[in-house]
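Trainee: This is what each chain is made of:
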Amino acid sequence: MKQVLVKADAERPMGNVFAAARGRLPGAGPVPQIRERAFENYERTGLPHRRMEDWKYTDLRALIGEVLPLAPRPDAEALVRAKVSVKQVAADQAVKLVLVDGIFAPELSDLSDLENEVVVRSLREVLENSATGAMAGLVLSTTSDPAISLNAAMATDGLVITVADGNALERPIQIVHVATGLSVSTFTRCYLQLGKGAHAAIVESFVPAERASGYQANDAIIALVGDEASLSYIRVAAAASDAVNISSAIIAVGARAKLDLFSMTCSGSISRYQEFITLAGEGTKLSANGVNLIRDRLHADTTIVVDHAMPHCTSREKFRAVVDDCGRSVFQGRIIVRPAARNTDATLTTRALLLSDQGEVDNKPELEILADDVTCGHGATSGALDDTLVFYLRARGLPEKDAQMLLIKAFIGESIEEITSENLRDFVTAQAEHWLQAGR
Amino acid sequence: MMHFRGQIRMALLEIRDLHVGVEDREIIRGLHLSVHAGEVHAIMGPNGSGKSTLSHVIAGKPGYEVTDGQILFKGEDLLEMEPDERAAKGVFLAFQYPVEIPGVTTMNFLRAALNARRKARNQQEFSTPAFLKRVREVAGSLNIPQDMIKRGVNVGFSGGEKKRNEILQMALFEPGLCILDEIDSGLDIDALRIVASGINALRSPERAMIVITHYRRLLEHIVPDIVHVMSKGRVMKSGGKELALELEACGYAQFEDAA
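These protein sequence lines map, in sequence, to chains A and B. Just so you know, we're using the numbering used here here: the first sequence kicks off at 1 and counts up by one. Just so you know, we're using the numbering used here here: the second sequence kicks off at 441 and counts up by one.
Chain B extracted, bound-state conformation (with noise of 0.2 Å):
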């Protein structure tokens, strides 16, 4: 392990003047961002501002064209990785529209994605007893039903089935960096509550979260370090919690003139 005391600390996650396209149209317009780990980012900002694109393009989605700039994650190109290897590095996107996956038990898939993974890292396949306990323990803090893990992926959940089903993923898979994609898109008040409370128990000084959203009440629940302001592809204003309330107050027409 390296020692950065007295020395600027690297970012986690470093995005540098990324442009990204989708058939011909720029979409990302020379975004800037820097995460640290233990700290919580909210992205904010109006539909159609490049926030879902962004997450995509971290987590390595096909389909875009990055034409210009650099993602680093712990220092290394992510662009030059493969999806299942940036999972394996430890980036992780919560979906806002998690996939069912029929005739896939969500045991069978969480085996295989987290067997997939320590093999990627050289560990030690997670034996079957401990992994079930293991599952049992987290589903059991997500109150997610045991009957629930053995059905298929997602198959007649309900919204706020599948979001449970992503932090359960992810409080299972311990990422570096988490990106939560409109996590609160579809949760009533209760079901919130509670993926806000899984997910702020997986907050760690080792860990970064990044929190897409349009909505500040979710933000009550994730407090967040630092918001961004997203507009037409590029960061607008950086701030502290604070921004959110202004945003709430005055709206993102302010940042999409100045865009």
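Okay, chain A solo, but in the shape it has when bound (with noise of 0.2 Å):
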């Protein structure tokens, strides 16, 4: 009885927020409908709670209770505000494209340094284009998840970036989110086609502006990458200390392409990022890594869903976590191999370090193995730092903090090296010593 009242609780303002919200969200032709339909999906189960297997250590309903408000279309103070921000996270020779609660700003972006390889368009400008009708029922597709399906709903803008068949894209292409707000909500939602043997490497930051606080993210990004394609996909999350991100990848990847995919989150009060990747095509090369650092009381879910669909493939897992003061990480990676993913090698590793005796971490590696002749495996382990190389480099001379940081910075390089550009295994590094000198 008390677990329907607390669904009708938490659904009685979606409701509200979703009718309120309506006039304001981008759509001809059959958009409103796409949108109606998801959010039709989203309300059969309300926010995602502890009785779903996948959302067991991530109870939105009771972290959450609510969604809030839609941010409104940022003003030209915030703009200001996100202007800095930008510049904090902007990562080095990437080409900018800059959305701040929710909304694409042209005007913080680098479309000038566009490459003619790409295009680009905003989610905006698609959906209200009635032309583009099939192209909108593509970018606003839903899966069975709650979360996702709200963002279909609720999406108020984001990108849409193509690269043409044998296209190959020299700069990184870096999406910028910042969150302005006070207790408001943003659903954005990015779409990219990369054709066949094109190349292309994306980085999708979110950074909070001066003075937000208390909102609620909620983005999406949803990849079709060809075959012989190759992407990498690096996203460096951080949110207020009392604001929410959940954020969701959808990656379909054709036939012996080679996709890199790093994720790091490293504050916000509640973070969940879930990252679905489905290898369709023969002889592809997956990496999918990703580093959560949480301290204070936050909580960050990684969760990770490699599909072997087809033979031949190869995936890779490493994922760390660092856990601080009373955080919890979370981390779910499932391995599924169908029954036609012959000679699938698929390998998952998780490790977490704990700094405190407070902290919390739920590692749930799963494998789902459907097919004969398969290599795959999975292994993870949590535990403090090592006291014996710490004191190793205290009898060198650093000081213990320095020796704490050199450890920990060695435990999370482990899965940064996966990076294969040297430039943004930089940029990711140097937003990882930003977390460590912030905790000092």
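None of these hints come from the bench; they were simulated from the model. We put the beta carbon where it would ideally sit given N, CA and C, even for glycine. Warning: the hint list may mix true and false statements.
Here are the simulated DSS-like cross-link-like pairs (lysine-lysine), alpha carbons at most 25 Å apart as the crow flies [what the hints assert, rightly or not]:
| # | chain 1 | residue 1 | chain 2 | residue 2 |
| --- | --- | --- | --- | --- |
| 1 | A | 409 | B | 501 |
| 2 | B | 573 | B | 559 |
| 3 | B | 590 | A | 409 |
| 4 | B | 559 | B | 590 |
| 5 | A | 401 | B | 573 |
| 6 | B | 559 | B | 501 |
| 7 | B | 529 | A | 401 |
Pairwise CB distance ranges (calculated) [as the list claims (entries may be wrong)]:
| # | chain 1 | residue 1 | chain 2 | residue 2 | range |
| --- | --- | --- | --- | --- | --- |
| 8 | B | 486 | A | 296 | 46 to 54 Å |
| 9 | B | 691 | A | 386 | 34 to 42 Å |
| 10 | A | 437 | B | 682 | 52 to 60 Å |
Mind docking these for me? Both chains are given alone in their own frames, and the hints should help you get the complex.
Mentor: Right, dumping it as structure tokens:
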């Protein structure tokens, strides 16, 4: 009885939120209907809760209770604050595309630096052009996951990025999401299409502006990666200490492609990053890695589902978590090997470093193997810093804090070093060091 | 600089009536030791006599309880200092089992350690080219290949390589007191020769060394000025280098009986 009440409480405001937002949600032709269906999908469960296996460690119904009203369009003052934040997270050499409070901000973006090989449109533009109705359906596709359905229903803007067959981008594209608001929600959705043999590096950064507080960001990126294409996707998420970030990546890959994925969550009251990768062609190589850096009372959940649907694919996952204070890190890694996926080679390791007695780590590796002739493995460990190593470093002159830092850096470096681009590796390392320094 | 001409020379390391326990078990039981600059002391003794514990306590390893006594280094109370402060003051312990640190290259580790020590002494940090040159020189003299210092600290190193890496650090940090805890364990004859010559090259009138070993073999390569026999947590006998020979002939049993 009580549970039903909780559900009703959680949903009533949301219904209002959708109804209230509807007039502001872009979309011509079939779009309003698609949104309606997406919202119905969402409403079947409401906010994800612990009785849903995939969300058992991150019970949004208990943790956030309700979805906040949609953020207003950012005004000039908000854009000024956003500009400062964009500068702080700008990756070297990257072409920046900025979204502020869920709305594309061309004035903060480097549109003129975009290479000829890429086409970028705002989601709003695509959805409002009825000639692209089919595109709209693709962009707003949903899954059974309520967070993604809610995102499809509520997305206010985002980016639609297309790289045609055979094109290679020289510079990374950095999508920067800035939150400036107080107690509001934002919904962004990006769509990336890499043609056959295309090459691109996408960096996605989430950052709060000064004074931003208590907001909820819900983002989704949908990527279609063609045969023989190569994609690096690096995501670094920071949020205000009382803010929520729910992000989903849905990636489908063709044959003989190469995927280099990395995600780092380093702040925010509650974070959930879920990555669903389908290896839909033969002979593709996937490297999916990540780091959670958690302190205070923060909660970060990284969930990666790798679906081997076709033969001869390789997937490697290395996940690391560093947990201090009363933080809680969740890692769920599921590898599915479909009956057709012969000669699959898939491994996953997840390791957590606990820096305090109160921190909590939940590691859930899962293998679901439905094919014969596969090589699959997983490993999970968690523990404190090795005192012997700390003493060795101290005996060489490093103060205790410095010794610990060096070891923590080396620990998360095991995952960061998997990023193939040196430039992006340095970018991620710098962000991680920023987190480490902040805790001193 | 103070001058002690005509006076009793102050010991570099002075240990007085040291008592150390681990979990209610007393391991060092009233140990005295004076080590002067320029001297090489050998500490020999059977397993469990407290040799390694002594080296750990001087370096400041956590987990030991000093229940009584003093350890003075250049007249300062070492027991009041953190391990890194002791290192910055010039105490160096070459580990019996050097640890592997994956993800930290030897080069980065050396730079971090050297600069931390310099910072603690209010000295300027080493500039990179000068540092690299110095590391290459010392590594070369110890037959340490350049690619080894670009790898994770001791990761995948053989026993001999790990020990050479300890001597490399010792040479770079230029400590006033070197404690070598069973530096000969796990070394073949050739590796022992390289390590010993690296250590001998660091002998100087300003520096003292404490060489802890089970075997006289090491002391043929590193000839000590003074040999101590340790048993049951105490120095039972001290003498010249000939004491090592005597031990080889008669064993440790005579000292264990005396204790």
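Trainee: Does the structure break any of the earlier hints, and which numbers would those be?
Mentor: 5
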